[in-house]
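Colleague: Residue strings, one per chain:
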Amino acid sequence: MVETKEGQPVYSVTDGSRTISLPIRWSFGKSAQTWVLEKDGDLLESMVSYYPSIDGLEITTGDETLTPQNLDEAVGRKLRRGEPQDCFGCHSTGAVSMGKLQLPNLEPGVTCEHCHTGASAHLMGAFQDQAYETAPPDLRKLSTEDISNFCGQCHRTWETVVRSRWRGEINVRFQPYRMTNSKCFDGTDPRISCIACHDPHRDLVREDSSYDTKCRACHAPKDEAATTSPKADGHRDAKSCSVSSENCITCHMPKVKLPNGLMTFHDHEIRIVKLGAPYPD
Amino acid sequence: MQNDLPRAIELYSKAVERDPKWPDGWWFLGSLQYGAGAYVPARDALSHYIDAVANAGPAYALRGLCEFETGEFRPALADIQRGISLGAANQPRNEQILRYHEALLLTRLGNYETALKTYTFFAKNGILNPELFTAIGLAGLRIPLLPRDLAKEQQELISAAGDAAYQFLAADETAAARAFQELFQRFPKAPNAHFFYGYLLFATDPDGALAEFQQELEAAPSNADANVMAAWALLMRNRAAEALPYAQNAVDKEPTLPSAQLVLGRSLLETVDLKGGMEHLEKALQLEPDNIETHLALAKAYSKSGRKEDARRERVLCLRLSSDNETTVERP
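Keeping their order, the protein sequence lines are chains D and E.
Everything in the first sequence is counted per this note's numbering, starting at 1 for the first residue and increasing by one.
Everything in the second sequence is counted per this note's numbering, starting at 1001 for the first residue and increasing by one.
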């Protein structure tokens, strides 16, 4: 049960005779909300999470196979050594420095410094006429392959997924992995990079048709030239769709549910989907 | 008379002489000879059985154990692993015997990392035998010997290292940390001791691991393995520029070490020397064609350099290699 007591969110589990209640210290996630709790000096990932799709609690994604043996274990999964750095490193800003967890420095959410290391120093520098000297690296200059790996630090890189052998629909939420598996992925073509479609400074655009122009940058209808880019020449002949020139992603990046059925993601492995074909790993 | 092994062996020998195509005769003969310590004839009898019966897991395993005793280590390892894959380790006692010998052979043949993975089975299941600590110590300190071949004066160090590692493998990291610190105090100059602890820490505490590799290198700067692992730990932390000198050292010391070529290639790739990186990665591939890490790095390198088809080929290979590998991470 999750409730607010005296202005403080509290997470409780009970077996009917005994109850363990812990204050919720940190909440992670948007499509699902998982809590990190502190118990006896250990950090725990809550055993259940809040899923907006059911407006209720269910087992935290990835913990489905765990079988708690007692009430203490039912509270949550103890984070392994190194794991808190991964959780806080992606879901907050400033909590990890040189691989060490520094919770007093935590800023909630993903702020400038999260991606632009040195942004704060740059801001201070700007006030002291040292804007140029303190400028953080320009991420726009990264290649598509590098951007995929950069975003993949949190959204999981192709390498991470392969090394970890996360196979099946569970990996649909790891977009850099899925995108890299696409036949059209080219590590040097900016038209297929993460930031060609997504502006990391804005909320995710959820309207399917808004991505059509991105697809047509390569798959231009016959009467329309492909977008000019250093790579465009090699891709002018990318096939145009014989079915439609709108809402491309509804067919070519279909929505896939996680095995627990609680969250749905657009599959970033761009492809011609065959009816009844298995999920491509 | 019961349990008359020599007589039974004699009778089975005569029987297979009369009917060399009697598979069971060869099996019983080989098993009895193994029990009697006659490993060479046992090996040969089991070979006859294997020729006659396809996929005979237990026979492969037993022949491997014979070869272990006769000092034919490579065929012994191959036979034991084949036996395991064919179900010879399905019973707990057999599993312990076979996995233990597999780990001993892996150590003897210099495949220390895989040996340590195999020993994890014993620690996780709380299994102990009188020489297990020594066996684990040999693998961890990278000494290609069997426990029986170890000099007496080395016994204490190797066993203490194995004891500390056993606790780590059994997931008691606090006790292991204490045991390793004691080990370092008692044997401050033991080669590869810090490397061993660093290697164990690497998956869960890369920074702690890096500190151990660096300590090892203070005492032995030319230790190529420690240079490789220090570079790798830094690469995993996106600190490629710092990894580069370690990687270069490793290649200077042991240019034929595949992992040295790999970390140098990867360090160059991440420090914007794509061409140099690919050269070393391709060398690593020649030295060790099936290392998934090399293929992962090459996929990235080809992708960054616009060689889309080569990158795709490497990625397909990576997926195949990762499917072949049974090890999986618990949860995404």
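Since the hints were made in silico from the structure, they are not lab data.
Keep in mind the model is a prediction, meaning the values are calculated, not measured.
Be careful, since some hints might not be right.
Derived pair list, reagent style EDC-like, types lysine to aspartate or glutamate, alpha-carbon separation capped at 20 Å [said to hold, decoys possible]: (1) D:K183 <-> D:E169; (2) D:K141 <-> E:D1172; (3) E:K1308 <-> E:E1288; (4) D:K78 <-> E:E1279.
The calculated label-pair distances, taken between Cβ atoms and stated as ranges, are [unchecked claim]: (5) D:P104 <-> E:E1113: 37 to 45 Å; (6) D:T67 <-> E:A1054: 56 to 64 Å; (7) E:N1129 <-> D:D86: 34 to 42 Å; (8) D:D203 <-> E:L1109: 51 to 59 Å; (9) E:P1188 <-> D:R202: 51 to 59 Å.
Don't be surprised by glycine CBs; every beta carbon is placed ideally from N, CA and C.
Colleague: The structure should be examined with respect to each hint, and the outcome stated for every one.
Modeller: Results of checking the hints against the structure:
1. For the suggested pair K183 of chain D and E169 of chain D, the alpha carbons sit about 19 Å apart, so the restraint of at most 20 Å is met.
2. With a C-alpha separation of about 46 Å, the suggested pairing of K141 of chain D with D1172 of chain E is violated against the 20 Å cut-off.
3. Among the hinted pairs, K1308 of chain E with E1288 of chain E is inconsistent with the structure: their alpha-carbon atoms are about 23 Å apart, more than 20 Å.
4. The straight-line distance between the Cα atoms of K78 of chain D and E1279 of chain E is roughly 43 Å, outside the 20 Å bound, and the hint therefore fails.
5. For the pair P104 of chain D and E1113 of chain E, the supplied restraint of 37 to 45 Å holds, since their beta-carbon distance comes to about 38 Å.
6. Roughly 40 Å separates the CB atoms of T67 of chain D and A1054 of chain E, a value that falls outside the hinted 56 to 64 Å.
7. Judged by the Cβ atoms, the range 34 to 42 Å given for N1129 of chain E and D86 of chain D holds: they are separated by roughly 37 Å.
8. The hinted window of 51 to 59 Å between D203 of chain D and L1109 of chain E holds, with their beta carbons roughly 56 Å apart.
9. At about 57 Å, the CB distance of P1188 of chain E to R202 of chain D agrees with the hint of 51 to 59 Å.
In summary, the numbered hints that this structure violates are 2, 3, 4 and 6.
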